[in-house]
Each structure stands twice: as C-alpha cells, then as structure tokens.
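Chains as they are written, first to last, in this note's numbering: chain A, 311 to 839; chain B, 12 to 296.
Keep in mind the hints are simulated off the structure, nothing from the lab. Wrong hints could be hidden among the right ones.
What the simulated footprint calls covered on chain B by chain A, stretch by stretch (three residues with Cβ under 8 Å from a Cβ of chain A suffice, anywhere in the stretch; the number is not a length) [unchecked claim]:
hint: 1; region: 28–40
hint: 2; region: 49–62
hint: 3; region: 83–93
hint: 4; region: 96–109
hint: 5; region: 112–118
Since the model is a prediction, treat every value here as computed from it, not as a measurement. We put the CB at the ideal spot given by N, CA and C, even for glycine.
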Amino acid sequence: MNAAHANDAHHEEHPSGFTRWLFTTNHKDIGRLYIIFSVLMFLVGGFLAMLIRTELLQPWLIIPPEVYNQIITVHGLVMVFAAVMPATTGLANYLIPMMIGAPDMALPRLNNWGFWLLPPAAVLLVMPFALKLFGIGNGAIDTGWTMYAPLSVQGGIGVDFAIFAIYLMGISSLLSSINIIVTITNMRAPGMSFSKLPIFVWSWLITAFLLVAVFPPLVGGVTMLFADRHFGTHFFSAAGGGDPVLWQHIFWFFGHPEVYILLLPTAGILPHILSTFARKPIYGYRAQVYAFWAIGMLSVVIYAHHMFTSGLPVPAQLYFMYSTMVISIPVALLFFCWFATIWQGSMTFETPMLFALGYIVLFGVGGLSGLILSDAVADQQYHNSYFLVAHFHYALFGGPVMGIIAATYYYLPKITGRMYNETLGKWHFWQTIIGFNLTFIPQFFLGIAGMPRRIPDYALQFTHLNMLSSIGAYILGSAQLVLVYNLIQVLRGVGKKATAQVWEGAQGLEFTVASPPPYHTFETQPVIQ
Amino acid sequence: MSTTTPTKVHYYVPRPSPYPVMLSLALFFVAMGVVLKVNALRAGPWSILLGAALLIYVLFHWFGNVIGESESGVYKSWEDRSFRMGMVWFILSEVAFFAGLFAVLFYERNISVPHLAQVDPGFTLYPGFTAAWPSAGPHGKPFSVVQPWGIPAINTLILLTSGVTVTWAHWGLKTARRSAAIIGLMLTVGLGVVFLGFQAHEFYEAYTRLGLTLSSGVYGATFFLLTGFHGLHVTVGVIMLSVILMRCIKGHFTPDQHFAFEAVSWYWHFVDVVWLLLFVFVYWM
Ligand code: HEM
Ligand SMILES: [Cu+2]
Chain A
311 MNAAHANDAH HEEHPSGFTR WLFTTNHKDI GRLYIIFSVL MFLVGGFLAM LIRTELLQPW
371 LIIPPEVYNQ IITVHGLVMV FAAVMPATTG LANYLIPMMI GAPDMALPRL NNWGFWLLPP
431 AAVLLVMPFA LKLFGIGNGA IDTGWTMYAP LSVQGGIGVD FAIFAIYLMG ISSLLSSINI
491 IVTITNMRAP GMSFSKLPIF VWSWLITAFL LVAVFPPLVG GVTMLFADRH FGTHFFSAAG
551 GGDPVLWQHI FWFFGHPEVY ILLLPTAGIL PHILSTFARK PIYGYRAQVY AFWAIGMLSV
611 VIYAHHMFTS GLPVPAQLYF MYSTMVISIP VALLFFCWFA TIWQGSMTFE TPMLFALGYI
671 VLFGVGGLSG LILSDAVADQ QYHNSYFLVA HFHYALFGGP VMGIIAATYY YLPKITGRMY
731 NETLGKWHFW QTIIGFNLTF IPQFFLGIAG MPRRIPDYAL QFTHLNMLSS IGAYILGSAQ
791 LVLVYNLIQV LRGVGKKATA QVWEGAQGLE FTVASPPPYH TFETQPVIQ
Chain B
12 MSTTTPTKVH YYVPRPSPYP VMLSLALFFV AMGVVLKVNA LRAGPWSILL GAALLIYVLF
72 HWFGNVIGES ESGVYKSWED RSFRMGMVWF ILSEVAFFAG LFAVLFYERN ISVPHLAQVD
132 PGFTLYPGFT AAWPSAGPHG KPFSVVQPWG IPAINTLILL TSGVTVTWAH WGLKTARRSA
192 AIIGLMLTVG LGVVFLGFQA HEFYEAYTRL GLTLSSGVYG ATFFLLTGFH GLHVTVGVIM
252 LSVILMRCIK GHFTPDQHFA FEAVSWYWHF VDVVWLLLFV FVYWM
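Generate coordinates for the entire structure from the input sequences, incorporating the hints supplied.
Here is the structure:
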C-alpha cells in the first residue's frame, strides 16, 4: 500500500453516530441524507398544501388572506427547491457512481457541502413564519413562487430571506451539478462508454448542464431584486427607466428549464423500471437520449410561454408559441419509447411498476394540457387560472413526484436490504391515483369557468368543484402517510431480506452488488464488457 | 453487463471532513445577518461577524488541508483530471452568470427604455426623461457618465498586461525557473491591485463628482451591477493569486503538476475577458 493513501477514506472506517452524517464524504451517505431531507420537506410542503385546500374547501376566509399568500408561496418554493430537487439529486448521488462503476463521486467534500447547504436554506425560507410570532417582520415571502416585481420589491422581510435561501440553494445545485458532470465524464469504469451509459445517468448529465446554464442568471436576478429593495436601484421599476417585465424574463429563463430539471431525472429512471417489470430491454435507448438533448436545448429558448399576457410583441408571442409546441415532439418521443418498452412484455405490477404506469398516464395529461396552454391566443383566457394550476400539478406531481415515488420503491430494497410491504404499497398507489385525480380534475373545470389562482376566497358558483378538490387533496395527502409508515417499517428492519438482484428482471451494475451495497462499492473498478 | 478482472487504479476519496458543514453554517449566519441588517434589526451585524469569522477560519483550514494533501502526493493524474473539469465547469457557470447580466444590459438599452417612450408620445415618465442610453436618472437628476478613454482604458491595458504576466509566470513554472514564476505572479498581483485601486477611485469619482450612483435610474444601477460584480471577481482573483504566489515561494508545484496555479490563471483570464466586454459595451459603446 502506498503510504500516501493512509489518509484515504477507503482504509479507514467511517466515524459513527452524529458526525458520520455531518462530515461524510461517501456518496451513499450523502445520497441518503438528500433523500431523508427530501421526505421531510415533502411533509412540510404537503402540510402547507392541506392548509391551502382547507381554506378553499368553502368560500369564506378561515386563514387571513396575507397568511394564505405566504402559505402558497412557501408551498411552491419548498416543493420545487427543497423536496423534488433534493430527491432527484439524492438518487443521482446514490446511484450514479454505482451505475457507472465509479469508486465514489469525483469531488466528495464538495458533495457533502452541496447537501449541507440545503437545511440552512430551508430554515431561511420558513424562519420568517417563526419570527412573526416574536413580533419581527410580517411573515414569510408572500409573492407566489415566481416572485414577480413590483410585489416582490415591496414585500416584507420574508422576501429577503427567500432571496438568501435561493443563494444557498443555487450554490448547492451548482456544486451537485458540477460534481455529477465530472463524475460521469471522468469516473466511468473501463468499458463503460457513453453509448452504454444507463439512461438515468444520461438524463442527469443533461439536467446538470441545464442547471449550470440557468441557475447563475437567477442568482444575478435575485441580486438585482435585493438591490431594488434596499439599495435604491430601479431595475424592475419604470419610475427609474427599468422594467418589471425584466424580472419575468430573468425568472422564466430559469423557471422553464427548471421544470425540465425536475422532470428529466425521473424520465431517466422510468425506462429502467418499465423494462424491469416488462422483462424486456429498454426500447429506443438512442432515441430517448436524443430526446433528452432536444428537450434540454429547447427548454432554454421557449421560456416566454409563461409571459403571453405580459405584453410581448406579437412576433415574439408567435415564436414562443410555436417553439413551445415543438418541445412536445421530443416529449412525445419519450412516451412512444415507454409504450414500446412495455409492449407485449410479460408484465407484473409491483408497486414501482404501478407508479411508473401512473406516471405515464398522469404526466400524459400534464403534457397535453401544456399544449393547450401553449396556444398564445387561448392562453389569454387560461393564464393564471386554475386550469394552469391543474396543468402544472399533472406535469409536476404526475411526472417528477410519481417518478420519485416509483424510484423509491424500486431502489428501497437495494438501499436498505429489506423489502417493503407490498400490500401497503398497492394501497398507497390506488389512494394516490384516486386522490390526485379527484383533486386536480375539478381544477381544470374551475379554470375554464374562470376561477383565478392565488385567491383565498372565491365566487359562490365555484363551491362544489372546490369542495371535491379539497376532499381529493385530503385523500391524496393521507395516502402519503401510508408511504411514510412503510418507509419507517423498512428502516426498522421489518420485512424480508432483499437479494442482490431484488427484481427478477432488473439489469445494471447496481444489481450486481449486495443489498445493501458495501460502504465503498467499487474500490477497484469493474471492467464492463 | 458482466464484470471481470477488476482494475487496480486507485482514486483518492478524502476522509470525512468537518469543513463543508461548517462552511454552510458560516454562510447561514452571514445570510441571516445581512437580512436582519437591511431590515434594521440589531442582531444583524453580530450574525454577519460570527459568520464571517467562521468563514475565514474554515477557508483557511479547508484550503490548508487540500494543499497538504496535494503536497503529500495523493493526487495523481486521475484526480487531477477531476479538478480540471470541475474548474472548467465552475468557470462556465460564471460565464452563464455574466451572460445573464449582459443580457440585462442589452434588454434595457434596446427594448425596455426605448419602449417607455413609445407608450404615449405625450407621456413623460418624469421630467427630463429621454428614451436614450444613458437614460437620465429618475426625477430628472442629472449625472454624467464615466469617460471610457481615461481610467477605464488604462485599466484595460493593466488587465491585458496582467494576462501576459500570468502566462509568463506559468511558462516559468513549466520550464522549472521558479524565479520567473514568482516575479510573474508578483507582477500579476500588483497589476490586479492597481486595477482595483483605479476602480475604487472611479466609483468614488462617480459618486462625488459625476452624480452617477446606484439610484441614478437604470443606467447607474446597471453600470454598478456589471462593474461591481466584475470588481468582486478581480478581488477574489487577486486573493487566489496571492495564495498561489505564497505557495510558489514556499516551493510548491512541479513543472508538470501545478493544477492550482492553472486553475487560478484560467479564472484570471476569464475575468480579463469579461472586462474587455465591459469596456466595449458599458464604457465605450
Ligand atoms: C409538452 C410539455 C409542456 C408544455 C407544452 C407546457 C406548456 C406550458 C405553458 C404554455 C405554461 C404557461 C401557461 C400560463 O402561464 O398561462 C405552462 C406552465 C407551467 N408548466 Fe408546463 N408545459 C409542458 C410541460 C411541463 C412540465 C414537464 C412541467 C414540470 C415538470 C411543467 C410545469 C409547469 C409549471 C410549474 C407551470 C406554471 C408556472 C407558474 O406560473 O407558476 N410543464 N406550461
Ligand atoms: Cu414552461
């Protein structure tokens, strides 16, 4: 052994207890931290969602309107930045080194830093709720997750906290993306060529490119917002020659690619699950990789479909309308490949497969409703109505969240070495599907009937559909507690032992190692044939 | 997918480290402190102070740790490649950042300010408003702009020269002539400091003599946004160059293993290019 390696983690047992998790440089530990953090944040965001639906259950005020605004805003920010993104990043951390036969992530200490920036960011986001109780400030950010000027310029201390939370989350995302890119390009096992790269790894590579391209401009944007609030600048105020719509450009240049940043990793995990339970190889590997590239590149040049009502010139509206419609072509290609993968397969319907199929159906509705919204003329009516809310929940819950749940069930036995309770899993699935559709189908109709988003009170004719939606939300919310119970049971060691193979049809390097895998998976790299 | 005959190459995975989580804590205190400070709460400055102290402590030890590892020779060509790629992607993210800021400049100049005059010919935003660039300040407060062919032109020469000196230092290192490397780095750091001095002087003049401030409407705001962020990057660059200089004097780096040196010089060249664009689009045209 080389003397210089004496400092190396491979030759040293990890510290135990608390400091193991604080100081760890191990990709599996960090991956697990991300996933646990994400589950906690899903519960926080979900709790806020229940509050929202309780307010909307009936057409009068239970929650003060200004608090309602804070709740919807923090719900959105927590779900996007603290729940979904950490979940996909956690999967990347845990899985990518195993999938490509790498000893660990390329930059392990920065990897740890990337995770530990998130809890402080989450604290910054919700802290103003608590400060208000002590009479400091007027509560959390209340502008909606899009933080449009001039409201965000005029808002209270909560906006400042959110700006700094975005700084920390921005650094975190950049660190994890750079780490993932470097790991994929530099750490693959001999023989693991790009054309053999598992599809999940490809999807994350493109996601990471997107993050490097679009997060920094948002960081610049929130800096300008901060300056407008406190240093007397006029970036977003026409009173000094600036323009509030400039904020919308900056935000959506980030915001639209962001929805694909949330989506792509789960679109990458989906083919693995489908192929395992259909016992057929993934159909159209190359086509899917090209589709990821196309989606990634298109997503940065179509963002202004979120701004059809903000006075863009007509040629610009036409351009953004057609380019948005174009992105549904690669998305449709993915659907085609998913169908072809399970076509005539000998399918079984374990929980991960159920969620994967649910993903296809629900995300399908999300994509199709997106096409409706992308019509610049029709969008004058739909914009900021409940139709939009229904669209992006089908797209975001139906896509990323369903995918994350599917991946959780799929890899849980691998990560913990224990099988989860299949009956509870099925229960979770059906309750989720019923609850979800009951929550969001009424919202399409509410939107078409003209109910605007982001209001705590509404006209009486919207009562019945809202009530249905709230009942659906309670069903959906309580379904997730079934998952939490199932997770806790698995972590307590209930359930039968998982084999290395876990699923009969599973393929890939991660299924060649024991469940749970050893602390350092590939100290010496395998050679891929 | 089958696996056979494992390879014997070893990648250095560092031991658990307390610094990343401490750094996060430091940034948390700084962030909270700034928020409290701008909202005139008394705890703000203390929180910033605490965070900054922790920040400096952590950076000192973390970099010390890395330099120690580097000198003990655990980084081989495989690790080296990771560091290089990491730095390249970090600089690309900085490119995206500045691209965003330049996009803001062009949007204002070519879209939003001209548009303000088109809404209604009889409408005046504020007395003295003209839909030209530089547009007048709000409430018609007059200001004049920084002339490009004075200090900014000299600064351009300074940064270009510093690009040459850092390359010369690199060449010195590669050909094992340490004194050339040290002198080259000293010159680079010196030029960087002079640049910052001039820039500080220019800001001071802008505020006191030209009436050009952050609140002089969208022109002033954008001017300080772009030049300010650039200045911040030069400052960071100068600090990093000084560390490299110190390491050179201590005898670190070999003609074929000097990643830290190269990373900093890439960063410096990047800052240089940003300045050229600034000079052309902010000062000159
Ligand atoms: C073929 C695919 C898609 C198309 C054509 C599409 C189109 C659109 C359009 C035109 C809007 C703006 C509507 C308006 O503001 O009036 C919109 C909003 C939105 N979409 Fe999609 N979309 C697609 C897929 C997705 C996906 C995959 C996600 C997320 C994973 C997503 C998440 C969102 C969100 C969050 C919003 C609303 C943001 C807000 O205003 O708060 N969409 N979509
Ligand atoms: Cu979009």
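How the hints compare with the structure:
1. 28–40: Coverage by chain A holds for the region 28–40 of chain B (10 residues, Cβ < 8 Å).
2. 49–62: Three-residue rule met by the region 49–62 of chain B, so holds; n is 3.
3. 83–93: holds (count 6)
4. 96–109: It holds: at least three residues are needed, and the region 96–109 of chain B offers 9 whose Cβ sits within less than 8 Å of chain A.
5. 112–118: holds (count 4)
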